[in-house]
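Listed here are the chains, written in short residue letters.
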Amino acid sequence: MRRGWLPLVLMGALIVALGAYTAAHQSAFLGKENLNALMLEAMPLVLVSIGQMSALLVGGFDLSVGALMTMCVVTASFTMTPSMSGLALFAGALAVVGVGLATGVFNATLIQVLRLPSIIATLGTLSILTGLALLLRSYPSGAINPDVITALTAAVGFVPYAFIGAIVLAVLGDVWLYRSRRGLAVRAVGRDETSARRLGVATRRTVLFAFVACSLMATLGGFYLAAEVQVGSPIIGSQALESIAAAVLGGASLAGGKGSYVGAFLAAFFLTEIDNVLPLFQQPTEYADMAIGLLILLALVLYQAPELISRYRASRQRVEPLAPAQGEEAPAA
Amino acid sequence: MSTPGPAPAVLSAQGVSKAFGAVQALRDVSLDCHAGEIHALVGENGSGKSTLLGIASGFLAPDEGAVAIGGTRLRHGSPAEARRLGVGIAYQDYSHVLDLSVAENLFLAVPDDARPEYGHMAGWAEETLAALDLHVAVTAPVASLSLAERQLLEVAKALLTRPKVLLLDEPTTALGPDAVTHLHALVQEQAQAGVGVLYVSHRLPEVLAVADRVTVLRDGVARGTFETAAVSEADLVALMIGRPLEVAFPERPGQRADAEVLLSVSSLRGERFGPVDLAVRSGEILGIAGAEGNGQVQFLRALAGVERSAGSASCGGKALDTRSPLGPLRAGVVLLSGDRRGEALFPVLSVRANATVQVLRRLARFGFVARRRERRAIDGLVGRLGVRMASAEQPIQSLSGGNQQKVSLMRPFLRGDVKVILAEEPTQGVDVGARFDIYEALRAKADEGVATIVKSSDPIELAGICDRVVVMSRGRIVEEIPRHELGERRIVEAIVGSRGAGEGRSR
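Taken in order, these protein sequences are the chains called A and B.
So for the first sequence, the working numbering puts the first residue at 1; every next one is plus one.
So for the second sequence, the working numbering puts the first residue at 1001; every next one is plus one.
In short, the hints are calculated from the structure, not lab data.
All residues carry an ideal CB built from backbone N, CA and C; glycine is no exception.
The reader is advised that the hints may include incorrect statements.
Restricting the straight-line Cα-Cα distance to at most 20 Å, the calculated cross-link-like pairs of lysine to any residue (SDA-like) are [said to hold, decoys possible]:
hint, chain 1, residue 1, chain 2, residue 2
1, A, Lys258, B, Asp1099
2, A, Lys258, B, Leu1239
3, A, Lys258, B, Leu1098
4, A, Lys258, B, Pro1141
5, B, Lys1164, B, Asp1212
6, A, Lys32, A, Leu152
7, B, Lys1164, B, Ala1193
8, A, Lys32, A, Glu273
9, B, Lys1419, B, Leu1381
10, B, Lys1164, B, Thr1072
11, A, Lys258, A, Ser238
12, B, Lys1419, B, Val1306
13, A, Lys258, A, Ala305
14, A, Lys258, A, Arg179
15, A, Lys258, A, Leu278
16, B, Lys1419, B, Pro1347
17, B, Lys1164, A, Leu241
18, A, Lys258, B, Val1306
19, A, Lys32, A, Val159
20, B, Lys1318, B, Leu1381
21, A, Lys258, B, Lys1419
Which chain B residues face chain A? A few, computed with CB under 8 Å, are given here [to be verified]:
hint, residue
22, Ser1095
23, Leu1098
24, Asp1099
25, Phe1107
26, Arg1115
27, Tyr1118
Use the sequences and the hints to build the structure in full.
Right, dumping it as C-alpha cells:
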C-alpha cells in the first residue's frame, strides 16, 4: 500500500505547483471567480474518472462513458426543459438516471453474458449512444432547465457543494476499497478473476456492479456537463479517453486491481487545471493534449519503476531453485 | 465392496457420468466419503480424477448421476452452493491472488461469520496460521512465498472454510518430506474432528500412509474401493494400468550406442524444475514421464528458451542460448508446444502459411515469398505425413486436432537443419487414426539423426515410441528406464512410487 500513495502525492504536488506558478504570473488565477469556475469545469471529468476507476479496478475499460454523458445531456434537453418544475422535473432527472442505469446494465451484460472484452463491448455501446444522441438532436438545441443548473452549481463561498461532495465520495470510496471486504474482493477480482472465484467472491456480480457504478458516475458527470453547456448538444462528450488518462494518472493499473478514487479525483482535477491555465498564458489548448500525453507516459514509468527494477534484477539473477527446503534426500537414481 | 461405517456419508457420488465432446471422462462412478474418513482417489493422468473433483465441488455438472453433500443433493454446477453445504477445496493449481498479501487471501477465503474485522486481519491471520503450525509473513504478498509454502497455504485456506468435506487435489506436488508429514498430520487431525477428506494423489506411498480407504479410477471407470490396510502398491498399480492398446507403434531400429550426443543438459534449473542433467543421442527418442505438474512441461519449455532457466545446455557441442526462443531456434531446436491453438499455430491462417512460417526466407525471392515455391515445398509433405485437408489455403483451425499437429510437424521437415525436437503431448486431442502417422513422423526424423524428447502423460505412448524414458517428480529426474524394461506397468510404477519424499518416513 505504501507504493500506492505515490500517485496521490504526485498529483497533489503537480496541482499545487501548477497553481503556484500560474498565480505568480497571473493574479487572476487565484481569484474566487476563476477558482469557482475551475472547480465547476472539473466536475464532469472528476465524476466520470471516479466511475472509470471502478471499471479499471475490475480489469476492464469503459469507452462508452463520453457518449453516455452526451446522451444524458441530450436526454435532459427533452426531460428537463425550462418550462418544467417540481415533480415533472424530478421525473425528468430520473429519466436521465435511467439512461445511465440501462447503459451500465447493457455493458455489464455484454461483458458477463456474451463474454466480450470490455473494450470491445463498450466501443459498441459508444457507437450506439453516439448515433442515438445525433438522432435525437442533430444540432445543439433544447435548453436545460435553468433552476436545475442553479441548483447543481450552488456553492458555499466559492466552493461548489458538488466539489465537496465529490471529495467526500472519493475518500469514502478509497476507505471502502482498502478497508472493507467488498473493496478487497473488487481488487482480488481485478488481479485474478479465477482465484477470486475460487475464494468464494461473487465475481460476476462484482464486475456487473463495477460497470453499473461506472455508468452511474458518468451520468452524474452528464448532469454537470449539461449545467456547463446548458443546451442539448449531441457532440460534447469526449471524456472517455480523458477519464482513462485520469484514472491511470491516479494510480490505476491497466491490468486491474490497483488504483485509488482520490487519485482519480486529483488527476482529473489536475487535467482540468491544465486546460484552465493555458488560456491565461495565451497559449493554445493544443499544448494541453500534448502535455497530458507526456504526463501519462512519465507517470506510468514512474509508478511502475519499482516493479520494472525488481523485474530487471530478477532477470539478472539466477532463478529460484525448486526448493523442498531442508531434509531432502538425494533423488534415487 | 466397503464396510458401511457408522458415520454418514458426507460426500456421496451416485452413478456419475460426464463426457467432454467425444471423450467419456467419467462413466457411472459411485463413491462415498464418510465423516472422519480419509478417502484417497488414485489413477493415472487423465483417468477422470480431476473431473470427479470438479463435479464434487460444483464447478462441473454431471451428465448423469448426482452428488450429495451431507445428504443434500448438489444442484447442477453451483460452486457457491457446494461451499455453503460445506465443501472446502485445495486446488492443484491454487486459488491465490498472488499480488495480495497472505492475510488478505485468507480473509477472502473464510466464510462471512468467521471473518475478523478488517483492521484486525494481520493478527488474526498470524494466529490462524500458527494454529496450523504454518509460519509465513502474513503481510507479504503470496507471490513472495516459496511454492511449498503456497501449497500449504492453499490447504490452510480450504481448512479455514471449516468444511464438512475437504477435497485435496494433489496437495503434495511441491512439498518436501517434512512438509508432507506436516500436511498429513493436519489432514488426520481434521478427519479425527469428523471431516470427510477426499484425497486425490498419484503418490501411492503417501496415499497408503494417510488414507483409510482408496478408490481407483481407470479410463473414467471406478475399479473398486478398498481398505488401505488390505491393499499393496502393486495391487493398486495393477488396477490403474491395463488400458486396451488402441494404436500401433512404428518399428524401432536398434539404438547405436556410439551415436553422437546431440543435446546435453547440465544442472538446468527453472521455476518448477531442476537441477536436471540429461543427454540425448542422435537418433534417440527420449520420453519424459511423470504425474502432471512435476516440472516436465517447464523443463521442456526452458530448453526451447520459452521459459526462464539457469544452468547450461548444449546442442551439437555448442552452448545453447536459452534466454529467448531465438537461440534454440537458430541452433536447430524445435518445440512442438502442447498448446497448439495458443502457441504452436496461427489458427486463422492457412495450412500453407502455418507450415512454412519458419522457412520463409528460403522460399522468398528478393524478399517476397513466392507462393508457388511454398506450395511445392509442402506438397510432398502433405502426402508423406498423411495430412487430410481440402486445400492448403483453408484456415488451419478448420482441420482436426491430428491434422493440425501434422502440419506443425511439417516445420521440422521443411527446415532440414533440425537437430532436436521437443514434443509436448504430441498426440493430445489427436484421434487414434492420426496418432500412428505422428509417431511415424517423429521416428522418421529420429532416423535422420534428430534427437527427440517427448513429454507425454500417456505411459502406453511413451512405452511404444521411446528408446528410453526418464521419470520426473518434484522437478527432478528420479528414475531412468532403459528400453528393454519399457512398458506401461514399469512407467506407472515409477510415477506413483516416485521416491524423493514421503516414502519411508510417514509410514
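Now for the hints, and whether the structure bears them out:
For a cut-off of 20 Å, the pair hint linking Lys258/A to Asp1099/B stands: about 10 Å separates their Cα positions. A hinted pair counts as satisfied when its Cα atoms are at most 20 Å apart, and Lys258/A with Leu1239/B does not qualify at roughly 51 Å. A distance of roughly 13 Å separates the Cα atoms of Lys258/A and Leu1098/B; the hinted pair therefore holds under the 20 Å criterion. For the proposed pair Lys258/A and Pro1141/B, the alpha carbon gap of about 14 Å is at most 20 Å, so the pair holds.
At most 20 Å may separate the alpha-carbon atoms for a hinted pair to count; Lys1164/B and Asp1212/B meet this at roughly 17 Å. Using a Cα cut-off of 20 Å, the hinted pair Lys32/A and Leu152/A holds, with the two alpha carbons roughly 18 Å apart. For a cut-off of 20 Å, the pair hint linking Lys1164/B to Ala1193/B stands: about 10 Å separates their Cα positions. For a cut-off of 20 Å, the pair hint linking Lys32/A to Glu273/A stands: about 15 Å separates their Cα positions.
Between the alpha carbons of Lys1419/B and Leu1381/B the distance comes to roughly 19 Å, so the proposed pair stays at or under 20 Å and holds. For the hint linking Lys1164/B to Thr1072/B, the alpha-carbon distance of about 12 Å falls within 20 Å, and the restraint holds. For the proposed pair Lys258/A and Ser238/A, the alpha carbon gap of about 25 Å is over 20 Å, so the pair is violated. A hinted pair counts as satisfied when its Cα atoms are at most 20 Å apart, and Lys1419/B with Val1306/B qualifies at roughly 18 Å.
Under the criterion of a C-alpha separation no larger than 20 Å, the hint pairing Lys258/A with Ala305/A is consistent with the structure, at around 15 Å. Between Lys258/A and Arg179/A the CA atoms are separated by roughly 14 Å; this keeps the pair inside 20 Å, and the hint holds. For the hint linking Lys258/A to Leu278/A, the alpha-carbon distance of about 32 Å lies beyond 20 Å, and the restraint is violated. For the suggested pair Lys1419/B and Pro1347/B, the alpha carbons sit about 27 Å apart, so the restraint of at most 20 Å is broken.
As the CA atoms of Lys1164/B and Leu241/A are separated by approximately 50 Å, the hinted pair breaks the 20 Å bound. A distance of roughly 29 Å separates the Cα atoms of Lys258/A and Val1306/B; the hinted pair therefore is violated under the 20 Å criterion. Annotation: proposed proximity of Lys32/A to Val159/A holds, straight-line Cα distance about 9 Å (limit 20 Å). For the suggested pair Lys1318/B and Leu1381/B, the alpha carbons sit about 30 Å apart, so the restraint of at most 20 Å is broken.
A hinted pair counts as satisfied when its Cα atoms are at most 20 Å apart, and Lys258/A with Lys1419/B does not qualify at roughly 46 Å. Hint on Ser1095/B holds. Least Cβ distance to chain A is approximately 4 Å, under the 8 Å limit. Contact between Leu1098/B and chain A, as hinted, is supported at the beta carbon level, the nearest pair being about 7 Å apart and thus within 8 Å. Evaluation of the Asp1099/B hint against chain A yields a held restraint, the C-beta minimum of about 5 Å falling below 8 Å.
This hint holds: Phe1107/B has a C-beta 7 Å from the nearest C-beta of chain A, less than the 8 Å allowed. Below 8 Å, beta-carbon pairs count as interface contacts, and Arg1115/B has one with chain A at about 7 Å; its hint therefore holds. Contact between Tyr1118/B and chain A, as hinted, is supported at the beta carbon level, the nearest pair being about 5 Å apart and thus within 8 Å.
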